[in-house]
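A.B. asks: Residue numbers (UniProt numbering), protein chains in the order written: chain A, 1 to 220; chain B, 1 to 320.
Please note that the accuracy of each hint is not assured.
To be verified - Computed list of lysine-lysine pairs in DSS-like fashion (alpha-carbon distance at most 27 Å, straight line):
1. B:K26 - B:K167
2. A:K173 - B:K195
3. B:K61 - B:K26
4. A:K162 - A:K173
5. B:K237 - B:K298
6. B:K287 - A:K173
Since the hints were made in silico from the structure, they are not lab data.
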Amino acid sequence: MASSEEDGGGNGAVEEKENGKKRRLGALATAWLIFYNVAMTAGWLVLGIAMVRFYIQKGTHRGLFRSVQKTLKFFQTFALLEVVHCAVGIVRTSVLVTGVQVSSRIFMVWFIAHSIKQFHGDVHCMVRKKEEKKYNFFIILYPAGVAGELLTIYAALPYVKKTGMFSLRLPNKYNVSFDYYYFLIIVMFSYVPLFPQLYFHMLRQRRRVLHGEVIVEKDD
Amino acid sequence: MGGRAGFFEVEILDWKTKKQLCFLDKVEPNATIREIRLMFHKLYPRWYPARQSIKLDPKGKSLRDEEILQHLPVGTTATLYFKDLGPQIGWTTVFLIEYTGPLFIYFLFYFRMPFVYGLDERFTSSPHPVVNLACICHSFHYIKRLIETVFVHRFSHGTMPLRNIVKNCLYYWGFAAWLAYYINHPLYTPPSYGKKQINFAVIMFLLCEAGNFSIHVALSDLRRNGSKTRKIPYPTKNPFTWLFFFVSCPNYTYEVGTWISFTIMTQCVPVGLFTLLCFIQMTIWAKDKHCTYLREFKDYPSLRMPIIPFLLLKKKKKKA
């Protein structure tokens with residue numbers, strides 16, 4: 001966005017703010033987060049198991065989607081709540097980051113990864129020890145999840161182009177158009193700048209949290 | 001402090017490393033921060049005054065050029081902190097680049113350059129009069145902005161960081177291209193309510209542009225004698241300035257009005273989106289300005305709201 005006109009704040013520089021504010025979650029918010037994370041873990045596990053069972057019984061992945069789609073849609077939509085959590089402020093990540101993640105979770109590798117992540121996610125606001133597991137799992141799971149997402153989008157592209165789904169063409173009385181196909185391509189490219197930032201942010205958090213932990217132990 | 005007319009000593013430390021960058025002795029007590037910046041620049045030629053942030057506290061606000069050394073809360077040996085603001089670019093230059101872009105980019109679409117809508121439609125013109133009208137209004141808006149930048153605006157700060165210009169240009173130029181694409185498209189659909197809608201929009205457009213210009217002139221007149229101190233703007237004989245009774249930043253109010261009228265005129269969603277973003281950004285600026293006014297002036301008119309009459313959006317407070 002353009003900077004303020006006329007009075008730019010002090011030579012246009014942004015003064016650094018103290019970001020040391022600690023947020024304490026209320027009891028209600030904590031209880032809700034725990035419930036949410038446990039429910040999501042259970043849901044994704046159920047889905048994962050259902051898919052494995054389907055494959056073992058039928059020997060093929062055809063018809064898989066039709067059989068799991070109701071459950072899948074339910075839990076996928078519930079995952080949108082994560083964006084709400086960020087917007088409301090009870091989870092401390094950016095809405096955009098979460099929005100990007102949520103809107104592309106479809107692949108099976110991500111289901112399983114997600115189940116494990118959720119299980120550790122629900123203690124993210126509580127005991128420190130479990131944060132160790134969370135921060136170490138992410139190193140493998142994040143790239144696995146992203147790979148899954150990108151592969152899914154790539155696989156879906158020909159279908160999107162053929163059916164023209166979610167697209168709006170000219171002429172129309174609002175004089176706007178939207179091409180889902182090119183939108184997806186842009187989304188794929190946007191992983192290039194976004195994923196490293198997310199990943200290194202997690203690595204930095206990990207170093208801070210685990211490093212901090214080590215120091216406390218030493219003092220004891 | 002400042003009782004004896006002796007010289008001051010000034011040491012300047014790096015704000016982060018606290019390393020001493022320079023030590024100035026025999027500094028006049030009534031020296032201004034501008035003069036100190038010039039002295040610092042002589043020692044470090046690549047840090048010209050505009051990119052020096054000189055402060056009393058490593059994490060504090062930058063001192064203004066006009067501040068006088070002996071009036072600062074320092075002893076006869078002053079410790080100041082320096083922060084490099086990075087390469088700077090003048091506000092006037094920034095505005096000229098930001099506003100010339102959209103002006104010419106729109107023309108690329110209006111005249112239907114071959115690379116825009118394909119070779120079949122190259123250099124054709126639209127059968128709809130509203131498309132020509134939109135081009136005139138859009139161009140008028142940016143030409144007016146350019147004229148104001150050169151002749152009307154008086155900036156209180158000379159420069160901004162260079163990296164901002166990439167961000168700003170991407171925003172202004174990008175949106176100009178996006179909305180120009182749809183308005184000048186061969187498949188463009190004119191507004192649903194036809195001439196009535198267009199005429200209403202044109203009148204609203206002209207009124208808002210006149211209003212916006214009147215406010216800019218009024219604000220510029222507050223600094224007519226070159227002073228940089230802030231004053232409360234008041235309504236003048238010009239009826240457009242009477243909006244000052246109700247808002248702190250009527251220039252932003254009129255600006256949003258201009259873009260709303262352009263949206264109505266073209267009935268185009270991308271224009272509407274741009275209008276929405278403008279509104280959000282200007283509301284943020286207006287609230288900041290409004291808060292600054294309230295802080296600096298105890299007798300600030302209480303009826304005034306930041307940007308919309310009678311509407312003050314309170315920041316939500318989070319309970320711990």
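A.B. asks: Where does the structure disagree with the numbered hints, that is, which hint numbers, in rising order?
C.D. replies: The structure breaks hints 1 and 6; every other hint is satisfied.
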